[in-house]
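Engineer: Throw the hints in and build the complete structure from the sequences for me.
Protein chains in written order, with the UniProt record's numbering: chain L, 1 to 485; chain G, 1 to 485; chain B, 1 to 485; chain W, 1 to 485.
FYI, nobody ran anything at the bench for these hints, they're computed from the structure. Small disclaimer: the values here were computed from a predicted structure and weren't measured. Careful: at least some of the hints might be erroneous.
It does not matter which identical chain is used: a pair holds within one copy or between any two.
Stated by the list, open to error - Here are the simulated lysine-lysine pairs, DSS-like style, with alpha carbons at most 27 angstroms apart:
hint, residue 1, residue 2
1, LYS312, LYS472
2, LYS440, LYS330
3, LYS477, LYS312
4, LYS466, LYS385
5, LYS220, LYS466
6, LYS312, LYS342
7, LYS88, LYS472
8, LYS223, LYS199
9, LYS284, LYS312
10, LYS439, LYS330
11, LYS312, LYS439
12, LYS220, LYS385
13, LYS385, LYS330
14, LYS88, LYS342
15, LYS477, LYS440
16, LYS312, LYS88
17, LYS330, LYS477
18, LYS439, LYS220
19, LYS200, LYS94
20, LYS202, LYS466
21, LYS477, LYS439
22, LYS440, LYS312
23, LYS202, LYS192
Number of protein chains: 4
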Amino acid sequence: GGRKEVQFHETIQRWSLFHGYEYRARELNIAASYTDSSDDETSPRDKQQKNSKGSSDFCVKNIKQAEFGRREIEIAEQEMPALMALRKRAQGEKPLAGAKIVGCTHITAQTAVLMETLGALGAQCRWAACNIYSTLNEVAAALAESGFPVFAWKGESEDDFWWCIDRCVNVEGWQPNMILDDGGDLTHWIYKKYPNMFKKIKGIVEESVTGVHRLYQLSKAGKLCVPAMNVNDSVTKQKFDNLYCCRESILDGLKRTTDMMFGGKQVVVCGYGEVGKGCCAALKAMGSIVYVTEIDPICALQACMDGFRLVKLNEVIRQVDIVITCTGNKNVVTREHLDRMKNSCIVCNMGHSNTEIDVASLRTPELTWERVRSQVDHVIWPDGKRIVLLAEGRLLNLSCSTVPTFVLSITATTQALALIELYNAPEGRYKQDVYLLPKKMDEYVASLHLPTFDAHLTELTDEQAKYLGLNKNGPFKPNYYRCWF
Amino acid sequence: GGRKEVQFHETIQRWSLFHGYEYRARELNIAASYTDSSDDETSPRDKQQKNSKGSSDFCVKNIKQAEFGRREIEIAEQEMPALMALRKRAQGEKPLAGAKIVGCTHITAQTAVLMETLGALGAQCRWAACNIYSTLNEVAAALAESGFPVFAWKGESEDDFWWCIDRCVNVEGWQPNMILDDGGDLTHWIYKKYPNMFKKIKGIVEESVTGVHRLYQLSKAGKLCVPAMNVNDSVTKQKFDNLYCCRESILDGLKRTTDMMFGGKQVVVCGYGEVGKGCCAALKAMGSIVYVTEIDPICALQACMDGFRLVKLNEVIRQVDIVITCTGNKNVVTREHLDRMKNSCIVCNMGHSNTEIDVASLRTPELTWERVRSQVDHVIWPDGKRIVLLAEGRLLNLSCSTVPTFVLSITATTQALALIELYNAPEGRYKQDVYLLPKKMDEYVASLHLPTFDAHLTELTDEQAKYLGLNKNGPFKPNYYRCWF
Amino acid sequence: GGRKEVQFHETIQRWSLFHGYEYRARELNIAASYTDSSDDETSPRDKQQKNSKGSSDFCVKNIKQAEFGRREIEIAEQEMPALMALRKRAQGEKPLAGAKIVGCTHITAQTAVLMETLGALGAQCRWAACNIYSTLNEVAAALAESGFPVFAWKGESEDDFWWCIDRCVNVEGWQPNMILDDGGDLTHWIYKKYPNMFKKIKGIVEESVTGVHRLYQLSKAGKLCVPAMNVNDSVTKQKFDNLYCCRESILDGLKRTTDMMFGGKQVVVCGYGEVGKGCCAALKAMGSIVYVTEIDPICALQACMDGFRLVKLNEVIRQVDIVITCTGNKNVVTREHLDRMKNSCIVCNMGHSNTEIDVASLRTPELTWERVRSQVDHVIWPDGKRIVLLAEGRLLNLSCSTVPTFVLSITATTQALALIELYNAPEGRYKQDVYLLPKKMDEYVASLHLPTFDAHLTELTDEQAKYLGLNKNGPFKPNYYRCWF
Amino acid sequence: GGRKEVQFHETIQRWSLFHGYEYRARELNIAASYTDSSDDETSPRDKQQKNSKGSSDFCVKNIKQAEFGRREIEIAEQEMPALMALRKRAQGEKPLAGAKIVGCTHITAQTAVLMETLGALGAQCRWAACNIYSTLNEVAAALAESGFPVFAWKGESEDDFWWCIDRCVNVEGWQPNMILDDGGDLTHWIYKKYPNMFKKIKGIVEESVTGVHRLYQLSKAGKLCVPAMNVNDSVTKQKFDNLYCCRESILDGLKRTTDMMFGGKQVVVCGYGEVGKGCCAALKAMGSIVYVTEIDPICALQACMDGFRLVKLNEVIRQVDIVITCTGNKNVVTREHLDRMKNSCIVCNMGHSNTEIDVASLRTPELTWERVRSQVDHVIWPDGKRIVLLAEGRLLNLSCSTVPTFVLSITATTQALALIELYNAPEGRYKQDVYLLPKKMDEYVASLHLPTFDAHLTELTDEQAKYLGLNKNGPFKPNYYRCWF
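Structural biologist: Have a look at this one:
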């Protein structure tokens, strides 16, 4: 009940992107035959469906949509070279032979590539969706057609949600020995309903901030009974999710929503962490004049050296054309700031939560809200001044732009390697604790993505490795290697 | 007949953007009441409509859509400060008092702001559309409601097209003394049907490459009987249409069509004029590795100094992820090049025509075309290799991104000033020839746009002006001032 | 007398760089044997010197320094590939066969490469220095040793100066038919002393702003009796002398004089022409925050679009760390501005004259001047505030940094081609007027420098050339092609 | 003996910069009266000198040079605002009251500002030089004149070196309670000669890599008997010493040595850590085409995303104009690579040691070395090919450019704060171990440098601090906060 709502709130907001994605996918395929079923109001739980091999161990919207989903998967495969490389390697060796993985993630083409890779590596998989809206029905159908027991569709009810999870776990004659989770709901369900299953489970791989947080709490409370791998905080994933991805998505998000011109615009970016650095670099390159606010003097000094005026928000709020928050903090932009902005000022959030802009303060009677486009509201003051609020203060890059497959590829590869590591780790390497991916694995994920750029890594000579005190195959940096700015 | 088709072909292609624009406008206002009329198949020519003041001297799709159009116009006004400044100035002085302007341009919110500005400056206007598809019906309705005789709707037939133009010109008791044209069709019609009108016409202002070309031909043939102003080639307009606009729209166009990541991608840009420079600068800033091809050694040397490897297309065609043409030339990308590209290579055109990529060569039986999104085709080779062709080789920035209002504002202001200049020029200043906007006017257009950036111009002291041999108010550069690269 | 002083003033200031260059050359070769002669106070005019082949038709400081000069010339040859390419071509064809060139330029290693190239092309040359300080004695010696009649040394008196020029021109049995001048003094001397010589002279090639100005005045006055080629204003030369060269030399000049850090510094650049653009781009890239002042709204709008705040100098003068002038105007920085600058503010000039900063206004009793380094003065206010004035307001890039050989190579190649063009032009192509280098020649200069960058030019196909209406070998842009910003 | 030689080798190489600095300082003050003493060959140890207050507790080259040294100190004060701020704060509070600091560092104007700050904070100081060549005699004189017992001069013998250190420590009636060391020699001396002193010593602050390495070895061996603070590895210092400083000094070092033009040059940078990132960013901004080599796939992926082709050195060695090493590794550039480079290729090292280029391999009979400038050698192959080797493979930025005072200010402030922290730490906070500066101190150093940029830090509200779980005054990041790339 209550807890669940919060959970939905967080994950929906975080992955609202995928709605957009699906919307686009559908929009572009209007003529496809499967759209016949889009008006089909029968619940998948009430349908009898079989795939072409006769199996009915799945529950999706419409198994007939499999062909379109397969095409989407094939396109995604082309941009996920690391997983494809793992598959190729798996022709000789099956590092997940015997693994029985139960998964609960967003069900998209990229996830499908991951699942089919896990299969190629020897694993059996059963899968549910971690979000009631984010499933791409066609992809789910394609997976079911290929023999994956998938239980997910777009628009599940909360009851459906837990029913699907249960169908993955509660199987006669099959018991999972690995968990891949995104948000912690699957883990939570097993803890609650089938605690004995943990006796056979070798480990949990968790992807989300929320899920990782829960695992740490379990660990603190002494209740974590298997090793868990936090794949959210790997260096490679962080760099791509933040710096590199935001450098592009800030431009994309602003263009798609406002069609504005960047040249000559005055922008204030609140926060100069990785996300802020990405936003600032992109806008500066496009000819905007960028101001930065910071609370940490070290990040502040970096902003200075990178050529940005470090100001307090109040100093520039009257003059800027765009306000972007990237702090992870709350109420960074207050009603008082909003009152002082000039007409047509654009306000948006690239940070880690929807609290950065005090949007609630704008829900007062004297202000008029006008929805001018999807994700774009004009908030109008009594004197006619308009503020352009994007995505109602939620994450701009997830709401109004897309995440490139390449970034998702890094995440998926990290997940696959974490599963392999946990499954194959010798007894005792991992205790009942939360671990980061070993540095060497992180480097391996990176190396699998270098061929995309036709990039050629240099190898140490024996002599050099000895001089540096390193193994020729890495890790090349210590395990506590982290990147905070 | 034949000629007209070519004309349509050119202008439709050039302005295909506006379809996209309108599409968006509509898409975002699904709930608006006027959509009732969208299924209305009655020709506007067959309707009896009156505006709220009782006038029926117009022909638009549906006068009831005026309110929505008015809102679009108001939003555009906010981003066209230069025209608004002209209006303010017009409170004291009416430089177009007595002017009777007949116009033929795309009918959009930005055009409406221009027309209402001309009105405020004292002119009477009658208007038709220069393109059968590009009219925003709601804007046309708003103009008609405000008393402008507008004859235009989206989806005119060719017969409608000329009928509308004729209704602008052929009026009892009213004869135009100024022409504002975009493409030359209006001018052509008057030449053909009402040559005597030119006795009273003080001049023509022409915006398009095609129209300007025609005027120069008339002039060469000794048939140009009034002065004409070529506003296409003003420095300010050129810089914004090419360098600044393309710097942003190349990223926007690629993102909206492919959701690709720019970082690390290898790109070849064919041509290093203003458009190529804009594309290269943007992609380099986003972390792409950019190669350039050029035929002109001076532009080539610039590419080198700006940090781009200058290559022949053949040298890199096998390795690049993206090919962008910006040459104005034909068959820059041939079938042979296309055959050698690697799988998933993206091919698009930012140049001045749709001839740069030899798209026709891809219409052969062994290749399969697959439309994967609007404006995105996969062309598939027998071995499975896919080329991603954008906008079928037409202009990417017009087809797949939008032109910011700010750029259109520069064009519209230039048009307004050209009309004022021609209308007020003392006898003899302009002969029966094609003129560029005087340098000083160009500077004035620029100066009217500086307040957008809160930019403060420095004024020469008397002493400095004397030292430089300049008038304090400009022009600051000679009239032959031009910007070729 | 009077006129001459002005002339010296201008050229000394313009080429003060070369003092620095020579100084460095000497400094680095302390042990070389020729330094014995550095204390030699005998005037070269009073010495009897012969080269190894027995010729004494030259007058240099010390013929024994030839070997060191030869090494400097060889090093320069490596960075002047275009002239070396012309030499190679000259093995088959001698386009300057019969040419008798009298030259008056700075005598440096780069000039030597030019002279020896002219020789290889078939010309006979006699040479004097255009500046009493700028001659590199060792290079002059090397040229004399190789058989070039050179009359020049560092530290000539004014009488020596004209004596040297006269020795070049006033020769028995030899009469020049081409003039290569830098500053116009040689041309002036012939006009004054040997006007009849012009009957045989086919043309003048002039390199300097001052000399070109004089030629235009002669032309206006109807006194120019041969064609003259203005090689100062070629597109390629302008781009390299201004944009590309200043982009690097602003950083170099500031570092060498002040050892300052650029990151985070606030800088105001006065003027956004090519020079200002180069300065702004470099400083922005190094992390400075750059403000721009402009008088021309078109350049101002460019500054905005390139991401610079456009301000009046007064608005930022109290806060900036560096003030750079690039206007070509006078008194851009006044005493009033200087009074308001903050402590330690650096003031320097990159523009076209030493008038931009009102340095004279700082010569008042209450201010103390302190020379802290070569080219660096602290001007100290009564309250202790210090302004750091570089090069006493003269050109920073010429005074405090060096001009790369590559830039000089472009100039020298342009001169060589201008000589070839004028010498070989069919009767009537050039009248008694001042000409710019034909566009095609400009393109040829550029193309000769492309191999330095291993840059590969694309050639038009016949079909493409026809489509564009161009000759396959250029020119690719019209003759009025110019680059003003 | 043996050990000492190694030590000299390392520190001389590391600080060779300061020779250059002094050289410049002298060079620019040729007329100063103190130059009379420059020929004075009497050892300072044999002189009887007194300062104006009658003290003779010092040993410097010439106490009469004090005035010039004072001016240098005053200039440095203007660029070390953080230390000046500490002094101001010390008017109310003396956090080092009772501290008796013995120091052994380079004696430069910046060190003098540090020492006088320590004095203002309440400390007594005695000082020796950590390098036999790096002392600025005039600064040492100024310090002695102001009452600081300084024992140091330029050109000490090894015996002098230890004698000076001993004079600092071995004083009747005075015993140090704090050590500030740079290289570990002072610490070593006390360990060896006066181990009992450690009973009163509260801690050691060590600045150098070498010295820190020794302390960790002592600690491992259980022989470290007081707490030690490693100030080399603070985040702020690292960022400035590496990324920001190298971004500027790579350009400066290349220009000062070669006068080359950066535009269009092909460069390979070996290593993409902080130093490599700085070099790449700067050269890319100046229009060079940059290739990167890396061994670590994570750094490699960053290079890709930042727009650099990742290659093996062999792939590009024949085509590049410049090779720059930034790896910390050995033999990154081998003789084989050098053999394959093209004529005029420039080779230099920005990394952490002089081992990166195998310079020794070039000392073979068939190659000719030619010293063409200070720090510039041409190495000439039998076929005439020349390689331009800078600084004989030692650190380019230390050898051929200068370290801005701003960077030294960060180091000096960090040292001062480390002394305050150790001196005031409550019993038990620090054990007999090596510590990093607490994160909060690091932030404080940064904050003291923000006013230089007129940068305004934002403060957390109580509510925000609570939300983030942070103290309003920092630290804002955890103590293990580190920056590895």
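Engineer: None of the hints should be skipped; say for each whether it holds.
Structural biologist: Quick rundown of the hints versus the structure:
1. LYS312 <-> LYS472: between (48 angstroms within a copy, 16 angstroms between copies)
2. LYS440 <-> LYS330: between (36 angstroms within a copy, 23 angstroms between copies)
3. LYS477 <-> LYS312: between (37 angstroms within a copy, 20 angstroms between copies)
4. LYS466 <-> LYS385: So LYS466 and LYS385 fail the 27 angstroms test inside a copy (67 angstroms) and across (34 angstroms) alike.
5. LYS220 <-> LYS466: between (40 angstroms within a copy, 21 angstroms between copies)
6. LYS312 <-> LYS342: both (17 angstroms within a copy, 22 angstroms between copies)
7. LYS88 <-> LYS472: Intra 24 angstroms, inter 50 angstroms, cutoff 27 angstroms: intra-copy only.
8. LYS223 <-> LYS199: Classified as within: same-chain Cα gap 13 angstroms, cross-chain 48 angstroms, threshold 27 angstroms.
9. LYS284 <-> LYS312: Answer is both; intra-copy 19 angstroms and inter-copy 22 angstroms each pass.
10. LYS439 <-> LYS330: between (33 angstroms within a copy, 24 angstroms between copies)
11. LYS312 <-> LYS439: Between copies only: 23 angstroms across, 38 angstroms inside.
12. LYS220 <-> LYS385: neither (51 angstroms within a copy, 53 angstroms between copies)
13. LYS385 <-> LYS330: within (25 angstroms within a copy, 44 angstroms between copies)
14. LYS88 <-> LYS342: between (57 angstroms within a copy, 21 angstroms between copies)
15. LYS477 <-> LYS440: both (9 angstroms within a copy, 25 angstroms between copies)
16. LYS312 <-> LYS88: between (53 angstroms within a copy, 25 angstroms between copies)
17. LYS330 <-> LYS477: between (35 angstroms within a copy, 17 angstroms between copies)
18. LYS439 <-> LYS220: The answer is both: 24 angstroms in one copy and 25 angstroms across copies each meet 27 angstroms.
19. LYS200 <-> LYS94: Only inside one copy: LYS200 and LYS94 sit 20 angstroms apart there, 64 angstroms across copies, limit 27 angstroms.
20. LYS202 <-> LYS466: Close neither inside one copy (36 angstroms) nor across copies (38 angstroms); limit 27 angstroms.
21. LYS477 <-> LYS439: both (7 angstroms within a copy, 21 angstroms between copies)
22. LYS440 <-> LYS312: Between copies only: 21 angstroms across chains, 41 angstroms inside a chain, cut-off 27 angstroms.
23. LYS202 <-> LYS192: For LYS202 and LYS192, the Cα distance is within 27 angstroms only inside one copy (18 angstroms; across copies 56 angstroms).
In the structure shown, a violation is registered for the earlier hints numbered 4, 12, 20, in ascending order.
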